[in-house]
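Chemist: Since the structure of chain A is already known, use the hints to place chain B on it.
Number of protein chains: 2
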Amino acid sequence: MENVIHKRNGVNVDQLMQTIDLVKEDPEIAKFQFRAETEWLGGGHCKTKIKDFYGAKTEDSSRSRAFEIEGDEPPVLLGENNGANAVEALLHALASCLTVGFIYNAAAKGINVESLNFQMKGDLDLHAFLGLSESKRPGYEKIIVKYKVKSDAPKEQLKELCDYVQKTSPVLDMLRNPVPVEIEMI
Amino acid sequence: MENVIHKRNGVNVDQLMQTIDLVKEDPEIAKFQFRAETEWLGGGHCKTKIKDFYGAKTEDSSRSRAFEIEGDEPPVLLGENNGANAVEALLHALASCLTVGFIYNAAAKGINVESLNFQMKGDLDLHAFLGLSESKRPGYEKIIVKYKVKSDAPKEQLKELCDYVQKTSPVLDMLRNPVPVEIEMI
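Going down the list, the protein sequences come from chains A and B.
When we follow my numbering, the leftmost residue of the first sequence carries the number 5, and every step to the right adds one.
When we follow my numbering, the leftmost residue of the second sequence carries the number 5, and every step to the right adds one.
Just chain A, same shape as in the assembly (with noise of 0.2 Å):
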């Protein structure tokens, strides 16, 4: 699976080695902001935007265009299925962050992936939501992640891999420990 680029698994090992050597020389490399822009559209219905963000010391201009991500809740929960809804698009954003980080990771080790796919589940009880309880939490009060992967690496090493990925993942990292987040009213 490897070409003259050195790609493993559609990642391109040279430049993240390279990538991996730059920001030992230079820690300023390594610091990035995101960014996304959400409006309303009525009801439980929002639309992100997603482009612009700033990383290796410079504003990035690789995209075009933004990102577009709609978000809304179900009928049940009051809205018009123009999306999934918030805590599902977490589902996403978790997962997405596994995929990366056991790709990636598996390319920098010589691990050739031949699929990859994750069945993410997530329980909640609506009672603090809606106001009624002090005691349940708003958030999932479990997520259960199941993924399957094929691999010609022995499923001891792909498991070693996995506990990496978990040390390493930022999406992952965020639901297992606190983020300080600031909410202001412009």
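For the record, the hints were derived by calculation from the structure and aren't laboratory data.
All of these numbers come straight from a predicted model, not from anything done at the bench.
Each hint can be trusted.
The list treats identical chains as interchangeable, and a pair is accepted whether it falls inside one copy or across any two copies.
Below 20 Å or equal to it, Euclidean Cα-Cα: the simulated SDA-like pairs (lysine to any residue) are:
#1 K125 / E186
#2 K53 / N85
#3 K35 / L136
#4 K61 / K146
#5 K125 / R141
Modeler: For chain B alone, coordinates are given in the frame of chain A:
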């Protein structure tokens, strides 16, 4: 902004009040399970499908097809810009959650909202993701949310509403407080 079915801010207020009453009568109605399936498509690119969920004591059947959200990285992070990345998707999830919380609670309290916008920013240092630091965290060091609301309600009332939303937002709860995440290879 009220009409015959008592919609405020596009939210069916009668249905909202009825939902609260039903949950008070039967706590089981409040139990939901949300789900997502994510497939790796090569490099940093994945696609998440979101459709079914369990809630209000039944499997939902309101969605005729799955919502799809694609994730990828920009070129500087070895991707091809097929979608927003995981930590950007997380900003969407948070803003979408705050939107629903703000709008639904405004509707319940009789506050008319004309417009609502969120500007989201998250600062992240790549050292941990790249395996170059044990002391830096992989996730955002800080998330900053700025929101602008147009409403005929007094600013003080809107700020109180925002404080209440912060206490009851599922995604904000999951960022500010640890969530158990179980990860299993199948």
